[in-house]
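Visitor: Protein sequence lines, in the order shown, are assigned to chains C and D.
Anchor point for the first sequence: position 204 equals 204 in our numbering, and the numbering is continuous, going up by one each time.
Anchor point for the second sequence: position 51 equals 51 in our numbering, and the numbering is continuous, going up by one each time.
Quick caveat, the hints were computed from the structure, so don't treat them as lab data.
In silico DSSO-like links for lysine-lysine, alpha-carbon gap of 30 Å or less:
#1 C/422 / C/439
#2 C/264 / D/51
#3 C/433 / D/84
#4 D/54 / C/293
#5 D/51 / C/326
#6 C/130 / C/199
#7 C/326 / D/54
#8 C/399 / C/326
#9 D/84 / C/399
#10 C/425 / D/86
#11 C/293 / D/51
#12 C/400 / D/84
#13 D/86 / C/400
#14 C/284 / C/425
#15 C/322 / D/54
#16 C/344 / C/399
#17 C/247 / D/54
#18 D/51 / C/284
#19 D/84 / C/425
#20 C/398 / C/322
#21 D/86 / C/399
#22 C/380 / C/284
#23 D/84 / C/439
#24 C/284 / D/54
#25 D/86 / C/380
#26 C/247 / D/51
#27 D/51 / C/322
All of these numbers come straight from a predicted model, not from anything done at the bench.
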Amino acid sequence: MANEDFTMNEMKSIVDFGDYFRDKYSDDSLVRYFQYHLRKESTTLYMLNNEFQDDKIKQVFELNQRIWSNITTFHSVPERGKKMALQYHKELFDMIDEQLLLMNRIAERESRWILYPLFVLARELVMLVKELRKHLSFNLTTYVERCGRSVHRSFTLCLNDRNPNKLENRRSGVYLFINLEFKIYHKLNNRDMIKNLVKVVKSRQEDRFEPLMSCHESLCSIYNSQEVTYNYYMGQYYGCIENNYEKAFEYLNLAYLGCNDGYKSQLNKILILLIPFGLLSHRKLVHQGLLSKLYGGKKLKSNVNQDNIYENDERMLGQLYKEIIKCCRTGNIVRYDNLVTITKSNQIFFLRNGLYVSMQLLRELVLLRYVEIIYQLNEKMTIIPLEMIYIAKFYGQKKKVTITTEAINELECELACLISKKMIKGYLSHGNKCMVVSKTDPFPNLKIVK
Amino acid sequence: MSATTEQPKTTGEQEITTTEKPVTINTKSLEEDDEFEDFPVDQWPASSTLKESKEFHTNLWEESWDDVEVDDNFTSGLREEIAKYKQEHQ
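Required output: the full structure, derived from the provided sequences and hints.
Guide: Structure below.
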């Protein structure tokens, strides 16, 4: 056993690693066998029957012993220098990568039973990339790419399985590895690879002869965390890359509904996208009560550490999003511009979450709401002077607002956009500096705004 | 460190609203750390999802904003300003 501190007082059950492959089944012990990030060895004692003649399984077993031995030795050293930590993580990466490649080779001849343990092992490698980042002083890309190549093999061995027996076919595991690939491509900041991945999956799902099952019908239906993760990444893809808010909303709504409210960090990430996409696709306003319930109860620190993504997300949802929703309701375009396009830290937040474009599009809807309110307050007169639309938002200012031609032209241009998108029924009169709106339904309730 | 750390790093407070002072930005937050984290477990019972939770599910969306009646400081400010504008332009 790798752990030399092992005492006989601890009751350990004994498992033959080879039995899994002989009997073709997996259980928690096999999954625990690969969970290196837990750092503590499983209480199960793993052995390999000598009679079992398979080189690759033997190699996987030996690597596992070496990996655990490295982990326990490293963590038993009280003072670990930077150099030592770096060396340790590099070695660990090499060993787990080698083990994953071996397991991929083994899995090629195995059926569905091996997929979850294989996924757990592949995920360990992806997790290790994150660890490595803390210790590496140079470029991490080589490691991420290596990790990507190994995970991609797991993905293809699932996708290309032609086993006619549906219960054994490995295709049902494909979504588990898609999630890992999404994660890796995000780490590489490579949108083209994300696009390609989605394209491949879409074409397989639409295959005339052997359509790939949906995520919900796959192995993910058992592992719901993976279904939520898949829906999140797909929603992010459609919303942040394709600007298809309708589809993004569908996926993210599923992610939200499938999530459990105990996982706040993930729920935050889902809501950060879902709320603006709900507005853009269906003009749905999230219930203020929901945000209060989720984020209003606790006192939010004013000086949060920006490096703490969790705290920052909580604060943005609890304060910034609440304000933005209010702007959408009231058409307060001045406040919206302040929050979204002037406050730099908020801009950074939107950029980081891939929402910069969406927030610019959302501005159009706030402006529409603003014009709509002016129209209502102006007793629904069909002729609205541009100056009035421009000047009204400066209410309460002591200094008289000077109206420049540029400002009026800019407003005219923005209104022209709204008219061309059929959000306002009407026309502009440049000579008379006014907008003339239709007598009937000048602000049609647009369901989908693209 | 990732390859995306070309911008100079600054630290400082983050503001939720505009302030008169220039806000210093921590560009480190643009790095890749900001990812969708792995769930600590892979399975939870279908009964404990938000879909099944009455408290959260039914409460998610309000009516669409076209139906929302608004009356706040902003609207009353607009109303006054419009009245003033009309007076001046009659």
